[in-house]
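Colleague: Taking the hints as your guide, dock the two standalone chains into a single complex.
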Amino acid sequence: MANVYMKAFFLTAAIVLLAFFFINQLDLMRATDLQRGIDSMLFDSESERLVYAYTQLMGNDTQAVCSYASSTAKARATRAYELSEKIRYFEQSNVVNADYERIKEQYYLANAALYVNVQTAAKYCGTGPYTTILFFYKTRQDCPECQAQGAVLDSVVKGNSNVRVFAFPIDTDYEFVNMLARGHNATSAPSIVVNEGNVLSGLHSEDEIRAILPSVTAQRGK
Amino acid sequence: MAAPNEYARSTLKLQERKDLAVFGLIGIAAIIFIFLTISYQIVFMLYAIASIFIFCTYFMLWNEKEGEEHFADTGKYPHITVLIPSFNTRHTIFECIRTCKGSVYPGKLDILVIDDGSTDGSYELLQKVEGIELHRQVKNGGKAAALNYGIEKAKGEIVACVDSDTYLAKNTLKQAVKHFAEGENVASVVVFICVNNPRNLLQRIQELEYWVSFGFFFKTIATVNGLYVTPGPTALYRKDILQKLGGYDEKNLCEDLEIALRLQKHGYRISACHQTIVKTEVPDNLKQLYKQRLRWYRGGAANIIRYSELFFNKKYGDLGFFVLPTMLGSGLVAALFMAWTILFTAKNALSWLLPFTYDFSAGMTLTAISVGNGFFMLNSGWILWVFAICIWGYFLVKSFEMVGEHFQLKHVLPLLCLLWIYPLFLGFVFMVSYAYELFGVKYTW
Chain L
1 MANVYMKAFF LTAAIVLLAF FFINQLDLMR ATDLQRGIDS MLFDSESERL
51 VYAYTQLMGN DTQAVCSYAS STAKARATRA YELSEKIRYF EQSNVVNADY
101 ERIKEQYYLA NAALYVNVQT AAKYCGTGPY TTILFFYKTR QDCPECQAQG
151 AVLDSVVKGN SNVRVFAFPI DTDYEFVNML ARGHNATSAP SIVVNEGNVL
201 SGLHSEDEIR AILPSVTAQR GK
Chain V
223 MAAPNEYARS TLKLQERKDL AVFGLIGIAA IIFIFLTISY QIVFMLYAIA
273 SIFIFCTYFM LWNEKEGEEH FADTGKYPHI TVLIPSFNTR HTIFECIRTC
323 KGSVYPGKLD ILVIDDGSTD GSYELLQKVE GIELHRQVKN GGKAAALNYG
373 IEKAKGEIVA CVDSDTYLAK NTLKQAVKHF AEGENVASVV VFICVNNPRN
423 LLQRIQELEY WVSFGFFFKT IATVNGLYVT PGPTALYRKD ILQKLGGYDE
473 KNLCEDLEIA LRLQKHGYRI SACHQTIVKT EVPDNLKQLY KQRLRWYRGG
523 AANIIRYSEL FFNKKYGDLG FFVLPTMLGS GLVAALFMAW TILFTAKNAL
573 SWLLPFTYDF SAGMTLTAIS VGNGFFMLNS GWILWVFAIC IWGYFLVKSF
623 EMVGEHFQLK HVLPLLCLLW IYPLFLGFVF MVSYAYELFG VKYTW
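Chains as they are written, first to last, in this note's numbering: chain L, 1 to 222; chain V, 223 to 667.
This is chain V alone, in the form it adopts within the complex (with noise of 0.2 Å):
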């Protein structure tokens, strides 16, 4: 099955950000200061700490918070108007829609479809679907006008928007409604978000990124009021809220990113409901996965600067002080690193081409020696590595607890892959980013 992955998007163009090639200058200048005067050891071994201690936070949180997400059914039951916008979605749409019919909730239910001038036959065909209420948008406006235009519509106090290529399980709604009786300052709820039926190894190797992000830290980061993005594919919130904020950004590369740190901003909560899972279509081909992450990222870059406010600002707590910080500095570090390695490589290369080695073994590489023992290759560094990756598995086992998954031998490569390639690819994705920020390449989708 060709399913596209996520909403397929329109070619809406949006303005440059010329100012975040500020950003990207001082990366560069950052990454030749670092080439110029500190030791690749240095720097990986500063990079494995700084990993320690977020990863020691990360840890120090979930054991004091775990076990409070218990909810007693209150019986309040509110309107939920499901929105699921469309565009050429011809492929997965109608087992959404099917999902969705499927839910097992007490209260009332609406399911609302804006089709976003789809072109590919499947307003044609939804039209045929009973029990939906369709819309169509003459002209493709994208993802965020299709959705404000169904909140404009919807009837139900609770808008949960859920993307086109998303599965709904039986008890999301009725299970994530729950979490709004927190406090009436809960404008949304998000929920454990997995790749529906990995089929090859980059989807399960993202099975797994989803199982720990959105499992794993999602938890974690909810308990201190943390989250940053209400995921695309399915979150659910309270309607007045998100009209009172004007709804979605249309001019955003990240609208659900963008709503979190708006609802944020304004002092509102966003809860996180992780018993029920959602299954989502992922990328299955690296040049998808490319686009779909840079997209994050540059969306991600331009709204971090939009919302500079919130960061190390007391009013927005662990969020501002932690949360946002790791998440840019991660991706940041993860940039320069790759970035790094590159230059390192390439002056490896470079010296290999005009023999350099000479500062022993000058006229020594006759006879191209090997060491025998293999440890004298193995930097010492690593070891700060195996401690924070040793962390970083708690969090692996956590998270497969919370999947109800037991750990399988096929999920080794793929876990491998996560750990080694993985970060490189995301690292390079990120760089090329901020490169297109520096170089003011226009936004598409």
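Chain L on its own, in the form it takes in the complex (with noise of 0.2 Å):
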């Protein structure tokens, strides 16, 4: 009878292993397809940065190029979005999840490369292709404040279709991140940066940003 349960403990060894190995599969399907949607990101960014560099260089009619930013930047944005859902459920479903942190931090490598191409469009062209908000929070430490402001945050894009929130988590080692947050003197979280203007710290409620919205948008237009 102890034959049984060796016999069965084999089997049961032989399934959970064949099992793995599908598990493996599948969670190497969900990193690759985020690792392409995150290249495609950066790719993307780069060959705007050349264009910019290029029209720049040579000092050509930037008209062409500014309708070209901002007619594809709020596809991009949208998709900065669906890829940040897709990580999350990446973390979730995923068994073996090995390439999270590497995956984590290439998007937001994406995601800020994104933000700086916008800004330099902003600057290049006169105006952005929309107003953006660049939120820093924290996440290894308890933050309820983060949490609201990010509540407040939604729902003001909710109301704007003109406004895209570049979130940051400001308690990493990423370099690129930490560079953002001391440009804008965001020291503590949550702080938010409208339209590259001065930084707010603490949470702001959605009137308060609602208000400065419209009248930095009108600034940036001199």
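Hints were generated in silico from the structure; no laboratory data involved. Possibly wrong hints are sitting among the right ones.
Stated by the list, open to error - Below, simulated DSS-like cross-link-like pairs (lysine-lysine); rule was C-alpha separation at most 25 Å, straight line:
| no. | chain 1 | residue 1 | chain 2 | residue 2 |
| --- | --- | --- | --- | --- |
| 1 | L | K138 | L | K158 |
| 2 | L | K7 | V | K620 |
| 3 | V | K298 | V | K400 |
| 4 | V | K298 | V | K466 |
| 5 | L | K7 | V | K537 |
| 6 | V | K509 | V | K632 |
| 7 | V | K350 | V | K400 |
| 8 | V | K323 | V | K298 |
| 9 | L | K7 | V | K536 |
Modeller: Right, here's the structure in full:
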């Protein structure tokens, strides 16, 4: 009878191994899909950067470049959102999560590159494709204000399709994120920066944010 | 037909078992511990792996012992007394008696009906039935008491306890009685119990459940003398052994479970006969089913504690080392998992109320983005369950073979419910039964 248990044990081990083979495949498929999405985001940012650099270098007409940038910018921001959602599911669904940290870092990098490009376009073309809000938050420490601020931003964006939020955790070791935060003197979380303006630390209500949105946009128009 | 489900119960009050509360506390502590320390995914996967192991063991047992159930006709057919306890069962008992009388049995056979103080007029109707011996208990004392009374009155060497809502096949007694020839220490023979004429989805689910439990699983554990219950609907006993052990426990919620464990404890064997099928009425609505299972689980818990010495005791072999621990374990884990799922869902619901998803998508949930590829939401841990369900599917196929049924379209929906919703329901009832023990809720039928 002990024999039966041994056999069952080995059969179980074999089945679990086989199952893990499939689990690994599924997890890899997801990781590959995400990697492809991030690569494509980075590629787009890089090519756009080249276009700006080249146009500036040659002193060519900026009109065509700027209209191209504004036509693609919103779609790219939406794709960045999609990716962030996928990464969230990736973390929940994957059993083998070895790639998670790397993918997360690359995602933040790609998102930062997108942000920098949007700001470049704003400077270069005089007006950006949309109003940007930089949002710095904390993940490691408990930060209820960050959660509350995130909810407020959600609702701001819902009411205004011309606003995009770029969210970054400031309690990580990503150098480019730390650079962004330092550049805006954002030392605490939550902090928000509207259209490269002054940093607003602490929790702000929807009304407060809405109040500065149009005025800041108007100033930029000058 | 508004058939009462199983034996209509009396309102007998039993003493509380506060000691079970300790187990409830341990359970709650375990839930909290798991909730705080281990991710849902890991619990989910460990549960799957444990299930795979248990299923593999059954698979091995089945394949080792398959085909051993052959009995030569010894020509010995001892005197059988069929005992039918009845309490307000006018809707089913006459059909039950008709099938008992229709038994083809070469030996002597008599039918003894014990009316347990019915108030629905069934006793008066029973008086007109010919070919049965009718006794009446004036005061309603419960099923076990009625059976004990019947055992004393029975003239047969073998007693067949049959519920009044259960219908024997013609060959049931003849086939089952042969199993007593396996040895003097075979104290009881159980038969393959199926659902009578399922009329709605809930009964169809139970039909499949009975096929797999009383079919595949009972046949398999009987090969290692691991049967821990001699199901109430129909079981045969050697009368002298029952009497020697003192008959049924009249203060027990699950007297059929208790007597089986008592037989096992005293070293007797319980054999299973699958060459015949008896049909029984099952609850046709959730409330009845809930009540029935609550009684099973509460009775189960009390009896497991009472017979805890059987667990991991060398003397009781596979019953103690495998059958009982997995039976208890699967119930406990199902309950824990259910509790855990409730907590997990509650936590998520709470996070949704106080938006919490801000690791990544801080300020990003704007357009309710669809991820597009559904496979991002498919938890990889499910793959383990797919394997577990495949092995279980093999058991199902074997059970179908035993009943002589073919898988049809009408089985698909009950099967899906049996796999997905039913376990949650049972887990929930299991959890409630522990909560009841914890708060010392009085036993009632």
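Colleague: Does each hint hold? Answer for all of them.
Modeller: Here is how each hint holds up against the structure:
Taken as a hint, the L:K138 and L:K158 pair is honoured in the structure, with Cα atoms around 23 Å apart against an allowance of 25 Å. A hinted pair counts as satisfied when its Cα atoms are at most 25 Å apart, and L:K7 with V:K620 qualifies at roughly 20 Å. The straight-line distance between the Cα atoms of V:K298 and V:K400 is roughly 8 Å, inside the 25 Å bound, and the hint therefore holds. Using a Cα cut-off of 25 Å, the hinted pair V:K298 and V:K466 holds, with the two alpha carbons roughly 23 Å apart.
Using a Cα cut-off of 25 Å, the hinted pair L:K7 and V:K537 holds, with the two alpha carbons roughly 22 Å apart. For the hint pairing V:K509 with V:K632, the CA-to-CA distance comes to about 24 Å; that is within 25 Å, so the pair holds. Between V:K350 and V:K400 the CA atoms are separated by roughly 33 Å; this puts the pair beyond 25 Å, and the hint is violated. A hinted pair counts as satisfied when its Cα atoms are at most 25 Å apart, and V:K323 with V:K298 qualifies at roughly 20 Å.
Between L:K7 and V:K536 the alpha-carbon distance is near 20 Å, which keeps this suggested pair within the 25 Å criterion.
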